[in-house]
Amino acid sequence: MLTRRDFVKQATLISLAPTVPTFLAQTARGASPSKDDRILVVLQLDGGNDGLNTVIPYADANYARLRPKLAVEKKRVRRLDDAMGLNPVMRDAADLFQAGRLAIVQGVGYPNPNKSHDVSKSIWETARFDPTEHTSYGWIGRALDNGPAPKAGGPGSVLVGTESVPVALRGRKSVAAALANLDDMVLANSSKPAALATTDDSLLGFVQRSTLDAVVTADRLQQAAKSRPDASAPPYNELARRLTLIARLIESDFGARVYYAVQTGYDTHVYQRDTHERLLRELSEALRFFLDELKRSKLDDRVVVMTFSEFGRRADENASEGTDHGAAAPLFLAGTKVKAGLHGTPPDLTKLHGGDVSSTIDFRQVYQAVLQNWLRLPAPPALGGRFPPLDLFGLADA
Amino acid sequence: MFSAPAAKPNHVPDPWVAYASGIGVPWDLARVVHLHRRAGFAATWTEIQRDLRDGPEASVTRVLQGKSRIDGNVKDFETVSAALADSAASTAAPDRLKAWWVFRMLFSPDPLGERLTLLWHNHFATSNLKVNDLSAMRRQNEILRQYARAPFGELLRHVIKDPAMLDWLDAPANRKEHPNENLARESMELFTIGVGNFSETDVKEAARALTGWSFKPDGFHEFLQYHDGGEKSILGRKGRWRGDEFVSMLLEQPATSVRLAKRLCEMFMGEQAATPEHLQDLAKGLREHQLDVGWAVERILRSRAFFADSNLRSQIVAPPEFAIGATRALEQFEPPPSTLLLAEWIARMGQDLFYPPNVFGWPGGRNWLNSRALVARINFAAALVGGTVRYPAAPANVLELVERAVGGAEAGPGIRFLSHLLLGIEPPNSSQKALQSAVGTASALTAGSARQVAIILLSSPQAQIG
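Residue numbers (the working numbering), protein chains in the order written: chain A, 104 to 501; chain B, 354 to 819.
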């Protein structure tokens, strides 16, 4: 039976005819609700997050020794166990941890760490080490290429923000959309372009597909905005605003499997404390708010959030009260379905490699778990091989 | 004037051989439109007609010399421009500084100069997000413009020792006792030799060479007390290197000329229009001409490769080209559009001037066309033609343009003219239906239907390609 919203959705898509080709209108008619699809939200901490001041090895005397000015006092750390704790500004994240909704994977990185923001970001985003592969397709784009097509010609992934679509989301077939806010996605009625669905790889074919995608996306988002006008006020920061928009899209059954947002500013070479703590506070508050919003709409079982950063920072502070580019760092997975707690081993500060914390877990093991056990997408084509998945989703995997 | 390339052995074809009109490559509307879109911000109909008459040599010369614009000229342009920039900087209003640059793109007698300034803004991508000083951002922008066609070494030395860049890449924090690698790394990876041509050790050693570089309120200053005077080994050469010597080393590396050639080909040549031979030959020529950018630009713009079919309509046009190009082609000069609003539209299309996304600048090409940016482009077409980009709003008089060019308002010729003007091609098949329904059963265009035709053409997929 058609619900009212289905009807509205169908009506607007069909009203786009003849700009929207028949097959799409047909798909809109036949679209089945995807309420049980699992969703991944990726948060990129851009610039290289200082892992040691995020998940703090407070019991290790080497920590305070390496960071005479930047170390967080032991008594201020939010303890997770007798060795590790969270930065004191991360109260909300600590609450999530206690409530069994936060997993922390320690020491994540890759062999022979690269210190270039661009190269290391590309490695994380493409799961490839060959620079010639760094501008083509990303791990998420490739994974979505091998999954079922998203409904009604919608995008498989959405970047929420003002940045360009990151290479992580680019795929050969799958389409990534981008938007900063819903107003940006309202098409002036007088100018809906003639968009054709083509498959040829020419520049014009590409523009035609992108135009079609823009028109369809605009239409869907107008529906999303109408579906939930009563959102509680988010904490006042840009990341929370972006996550709220993601929550609206998920609630409106937008259909994308992956959402992506970037929090910038982690490249803290100079006087880092205030900047870094502001970022961590925003991250922690935004994460909690987002998960609570989804809980309210009873969608929290369908969503997992994963953070990543292109690298951690050097173990010792520099003389400008900042930290330089490093290697391995912890990352977060949040949601009701994650196996909460600390995964992996604490950083060994007695065995630094070129001044950096070494990785004990390959980032592709995390990706393998996320793809195979959460999104249920084939991991090998996305990662260029098979990696032992970390046990991040517990019994929910079965 | 163009000088003939040095003689080459006759079995090696010159990839940049000069263009001359001929069979298969006639000097026609498509090529005139191409020249002004790649090397400027589109041309008005009068300018297109003039260039069709005068031929490629005179037309390219005018573009190179910054004398190609007939329409939309502003009296005392530089004085007005300086006044706009002064007021933007003194009121600390980033939007007004963006508007200042848009004013220059729209009205400068030298659109190629502004396009090259955009190229360098992307190459030396510096964001006011961190610098947070509009006077410094303006000064950097003026350096990019002043040395846009200079030998690359002059440009690099001026930019790298300018406060905006020094601040952006943490030079003041780079001191003997605690080197900061930021400026050293990006100088190699982004500004010159590129990734793969240096090691992490080179970065560390180069950072030592750059210790002491900083700035005072009046500009660059080298603090010798912070400089590490010891021996460094950079790119295989040992010595007590200082910053200037490090920069010289980078300029001498062949990889710098290759990277520069790539940058210029990205700008002037479409997807797959430049072969490895084109790149290598241009890089070699750059090395033989002290990395003279002006020389390379002229070589490209005069070449057969630049005017080859494979290079026509083979790029996604960037946001400023799209917005300013449409504004100029439609002669929206009187009353002029709000440059503040134009800058806002350009940002919505994905290029927030003075705020590149990171040190790598905007990725460009196909990356421009995400959904949000496309919606912005499509909506901009309606806003420009509908006249809401002006204060007070005043719809574009498209019909007058048609009547002036065609000598009447007949629908068929009118639509063809607008497609030639705005896209440089015949009306696209995929837009026929929409065009027909805009005109209805009338045999002549009206003020309203002429505007609708312009909107349809500017929001067509074909309008995103240039």
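These are computed hints drawn from the structure, not numbers from a lab.
From a predicted model like this one, the values you see are computed outputs, not experimental measurements.
There's no promise every hint is true.
[Unchecked claim] Restricting the straight-line Cα-Cα distance to at most 16 angstroms, the calculated cross-link-like pairs of lysine to aspartate or glutamate (EDC-like) are:
#: 1; chain 1: A; residue 1: 218; chain 2: B; residue 2: 553
#: 2; chain 1: B; residue 1: 483; chain 2: A; residue 2: 377
#: 3; chain 1: A; residue 1: 401; chain 2: A; residue 2: 356
#: 4; chain 1: B; residue 1: 420; chain 2: B; residue 2: 407
Evaluation of the provided hints:
1. A:218 - B:553: holds (8 angstroms)
2. B:483 - A:377: holds (15 angstroms)
3. A:401 - A:356: holds (13 angstroms)
4. B:420 - B:407: holds (14 angstroms)
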